[in-house]
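Could you slot chain B onto chain A? The hints should help.
Number of protein chains: 2
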Amino acid sequence: MAHPVSPLAPKSYPELPVIAGMRFATAEAGIKYKNRTDVLLMAFDEGTTVAGVVTKSKCSSAAVDWCKANLPGGIARGLVVNSGNANAFTGARGQQSVEQTADYAAKALGCQTHEIFLASTGVIGEPLAAEKFAGVLDEAATRLGDTPWIDPAKAIMTTDTFPKLNGAIVELDGVEVKINGIAKGSGMIAPDMATMLSFVVTDMPIAAPVLQALLSQHVQTSFNAITVDSDTSTSDTLLAFATGKAAVEPITSLDDPRAEIFGLALRDVLFDLAIQVVRDGEGATKQVSIHVEGAVSDASAFRIAKSIADSPLVKTAIAGEDANWGRVVMAVGKAGEPADRDKLAIRFGDLLVAKDGERAVVYDEAATSAYMKGEDLELTVSLGLGDGRATVYTCDLTHGYITINGDYRS
Amino acid sequence: MAHPVSPLAPKSYPELPVIAGMRFATAEAGIKYKNRTDVLLMAFDEGTTVAGVVTKSKCSSAAVDWCKANLPGGIARGLVVNSGNANAFTGARGQQSVEQTADYAAKALGCQTHEIFLASTGVIGEPLAAEKFAGVLDEAATRLGDTPWIDPAKAIMTTDTFPKLNGAIVELDGVEVKINGIAKGSGMIAPDMATMLSFVVTDMPIAAPVLQALLSQHVQTSFNAITVDSDTSTSDTLLAFATGKAAVEPITSLDDPRAEIFGLALRDVLFDLAIQVVRDGEGATKQVSIHVEGAVSDASAFRIAKSIADSPLVKTAIAGEDANWGRVVMAVGKAGEPADRDKLAIRFGDLLVAKDGERAVVYDEAATSAYMKGEDLELTVSLGLGDGRATVYTCDLTHGYITINGDYRS
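The listed protein sequences correspond, in order, to chains A and B. The opening position of the first sequence corresponds to residue 975 in this note's numbering, with each subsequent residue numbered one higher. The opening position of the second sequence corresponds to residue 975 in this note's numbering, with each subsequent residue numbered one higher.
Errors might be hidden in some of the hints.
Treat identical chains as interchangeable: a pair holds within one or across any two.
Straight-line C-alpha distance at most 20 angstroms; calculated SDA-like pairs for lysine to any residue [as the list claims (entries may be wrong)]:
hint, residue 1, residue 2
1, Lys1042, Pro991
2, Lys1032, Gln1074
3, Lys1042, Pro1312
4, Lys1081, Arg997
5, Lys1030, Arg1277
6, Lys1032, Gly1360
7, Lys1081, Arg1117
8, Lys1030, Val1270
9, Lys1347, Ile1378
10, Lys1030, Gly1310
11, Lys1317, Pro1101
12, Lys1032, Glu989
13, Lys985, Asp1246
14, Lys1030, Gln1186
15, Lys1032, Gly1310
16, Lys1008, Val979
Derived by calculation from the structure, the hints in this document are not laboratory data. All values reported here derive from a predicted model rather than from experimental measurement.
With the rest of the complex left out, here is chain A (with noise of 0.2 angstroms):
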């Protein structure tokens, strides 16, 4: 937290409107930081029904053991998240602490312990004593309240240097449906699945496996598209909760074509969240959009991107404003997937730089270097052997990174 706020931070914060069915609480547990709220409960009607997508990692977290367990339930009632100690490689003792703080949170909120969820980000490692939790949600219960949204987003925050929060407002059957979401993560960020942690609520009436569908489709070109830094947290969590008071018939199926609407504006929020995430990417000063398109199938056009993103030459060499393209040759090439280097073009923005494997006639080194001196940049990588395509979105790589991740336990 002591870390200068990322140069790519929100000018200013929406202001989130009131979700019919749940409230809120922060608090400060002292957990590892001080003077800053590390707590949050969020407590759900009766009828709020989940979905949910969890990191992928063999080692994954106690909390997200214990979401995965009681997401095919479809119901919540409570959710627990927590900053500063992740919970994970804990052993049984992490998995008694999450036992344990479910329990306390049924009892602060009414609700059996199965209908609590739980999300944890900090150090892993460390064991995490559920006591730290006792009094301190009998408390937060007591102040449960609907507004601001941007307190639930500050305590979340671990290295973030500012709050990710996002909503979205859909018209059906001519009722205003909300849908709001806060994320956090800055390191560590490669998500699988998920990202680091993300939580939307939204007032929709929606069964738990179509809000799981589209929560399951979307992910994947928003969350799933982003890296920082390519490593894959073992806490990445994503929960979609929907407390179903707006008054609207209820979706109870896919073939509902609200469904459809809905999920665009859930995709709009969830895409939000994920890009303020790599926009406060540790030490991050560039947003970067790897376009990736003509590979032989969407799949293999990802794989590609996604290594052109990972790549940590490129990655200095963008946050050096160097239009260096002859990286992004390298990353395509050591990608494993199909492609013919004397097809290969590329582009820096509206810039071709590179064309039938070789530097472009027209390249104007002048103008390009101009371009990389821009805050969101465009790469584009034309393959020339089929129609697949994908973006994925990442930002530089520069000393704030080896800062940041050089003390972060200490």
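Below, chain B alone, put in the same frame as chain A:
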């Protein structure tokens, strides 16, 4: 070259012996650098066999393509290497440049063009005019000598901060057979079949297919087991030349018991050179050996070790002398290989830090922190699943890497 010499550089350089049947010269062609050699010419007597492994990159350089085409012939009379320009992603012009260079070299040495092997290293995407080599190779051919071996090691350097050379002498049938090798590489190091550039010469009479088999075998635990930054070069090339001048019976089959003895000596040279590349990793201040044991297979162990060695978060923690084993857990988890969190154990050196999926009872923060201040670190992950094991060698990730790569091209 303006960057400070790696703190991990050797204190002195070996004086390698003369290898009968080959001579060399270095020269200044002014390709990119000023006031230093940037061309190496090696000349081999008739009867020299050759074997090689090159990058698997889909965007391999023109010189790599040339070597691939000529390796099946198994015979070599000359080698031309230049630094300062990789002649990669230079299209048809790159190919013509390579043919022209081989032609110059063949005329200078009095042999066939397909007996000339080529390698280029440096910037990607800049055309390399073969004319640069014309007079230079003719002149160099008049100065061919057989010592000192540090000269060829110096001529092939790019961002390297020290020359890399090593040799072995193995007694076969009472005769001392010699193996000399040089290598270069500092960044863009995650070889996939070979390193950036390495050349090994022996006076052993050995058939090309046998030499190839031994080279392919031993590259796996040497150059293919190192990573500096996870970026695989377009130009990775490892070539081994055997002049056959040692007064012993030729090895013509892998069944010859001497093949194994010779292979192990070859392996020692390859391994030492590979470790030197790690120790000259861009910005490196520590060398780290990542051992993985108890995996379901050797291949699985290797992928997990590589995941740890390539993790920017693990590498920055090591730079910060932080025994952050939580990040090691993260890297195990993201590798996508079988792992059981609750059976994992992790050691830094001999110090047990984690066991049975949580922090070890005997964990000693002070002792572990003291260990991390060392220059050569050993990190061992025990998975407890099977007998698979592998080791990957890497370095830390520091501000030096960012500085070097934020302004390399300019």
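Here's how the hints hold up against the structure:
1. Lys1042 <-> Pro991: Close neither inside one copy (29 angstroms) nor across copies (64 angstroms); limit 20 angstroms.
2. Lys1032 <-> Gln1074: Intra 24 angstroms, inter 53 angstroms, cutoff 20 angstroms: neither.
3. Lys1042 <-> Pro1312: between (36 angstroms within a copy, 19 angstroms between copies)
4. Lys1081 <-> Arg997: Intra 16 angstroms, inter 83 angstroms, cutoff 20 angstroms: intra-copy only.
5. Lys1030 <-> Arg1277: both (17 angstroms within a copy, 16 angstroms between copies)
6. Lys1032 <-> Gly1360: Result: close only across copies, 16 angstroms inter versus 34 angstroms intra.
7. Lys1081 <-> Arg1117: within (15 angstroms within a copy, 88 angstroms between copies)
8. Lys1030 <-> Val1270: Between copies, since 19 angstroms is at most 20 angstroms while 26 angstroms is not.
9. Lys1347 <-> Ile1378: Classified as between: cross-chain Cα gap 19 angstroms, same-chain 24 angstroms, threshold 20 angstroms.
10. Lys1030 <-> Gly1310: between (22 angstroms within a copy, 8 angstroms between copies)
11. Lys1317 <-> Pro1101: between (53 angstroms within a copy, 17 angstroms between copies)
12. Lys1032 <-> Glu989: neither (38 angstroms within a copy, 49 angstroms between copies)
13. Lys985 <-> Asp1246: within (15 angstroms within a copy, 53 angstroms between copies)
14. Lys1030 <-> Gln1186: within (16 angstroms within a copy, 40 angstroms between copies)
15. Lys1032 <-> Gly1310: between (24 angstroms within a copy, 7 angstroms between copies)
16. Lys1008 <-> Val979: Classified as within; 19 angstroms inside a copy, 42 angstroms across copies.
This entry does not satisfy hints 1, 2 and 12, going by the numbered hints stated previously.
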